[in-house]
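Colleague: Sequence:
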Amino acid sequence: MVLAKDVEYVYSLGNVNVFNYFVNKGYGLPGHEHKGEHTLDVTQGEMLVTVGDNEYILNRKSEAMILPANIFHEAVATVDNTIFNSLFLKDVEY
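Quick note on numbering: the sequence shown equals residues -1 to 92 in the working numbering.
Keep in mind that the hints were calculated from the coordinates and are not lab data.
Think of the CB as a built atom: it goes at the ideal place given N, C-alpha and C, for glycine as much as any other residue.
One should not assume that every hint holds.
Pairwise CB distance ranges (calculated) [stated by the list, open to error]:
#: 1; residue 1: Thr76; residue 2: Asn13; range: 24 to 34 angstroms
#: 2; residue 1: Gly24; residue 2: Asp89; range: 28 to 38 angstroms
#: 3; residue 1: Gly29; residue 2: Ala62; range: 18 to 28 angstroms
Let the sequences and hints guide you as you build the complete structure.
Modeller: Below is the structure:
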């Protein structure tokens, strides 16, 4: 079971909100889906990201991932001290 972690920082850049998370192993974004897509990128540490039936490992060397709308997704840190960002458009309903 993935444990939820509160957002540490939220930045606004034009029409985009950037959510910045600092998490330890086992924490991240619990499984969910919503109406708008968003991105996920890891700047430190590593995460296991599930999108539908597929699993991906993201770390600082990975490119940002686009999480599609209306598809189940989940992200959990696999190591302590993981930092990741999620970007959402402000005008999209979630």
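Colleague: So, for every hint listed, does it hold in this structure?
Modeller: Hints, one by one, checked against the model:
no.	hint	in the structure
1	Thr76 / Asn13: 24 to 34 angstroms	32 angstroms, holds
2	Gly24 / Asp89: 28 to 38 angstroms	33 angstroms, holds
3	Gly29 / Ala62: 18 to 28 angstroms	20 angstroms, holds
Violation of the numbered hints given earlier is absent; every hint is satisfied by the structure.
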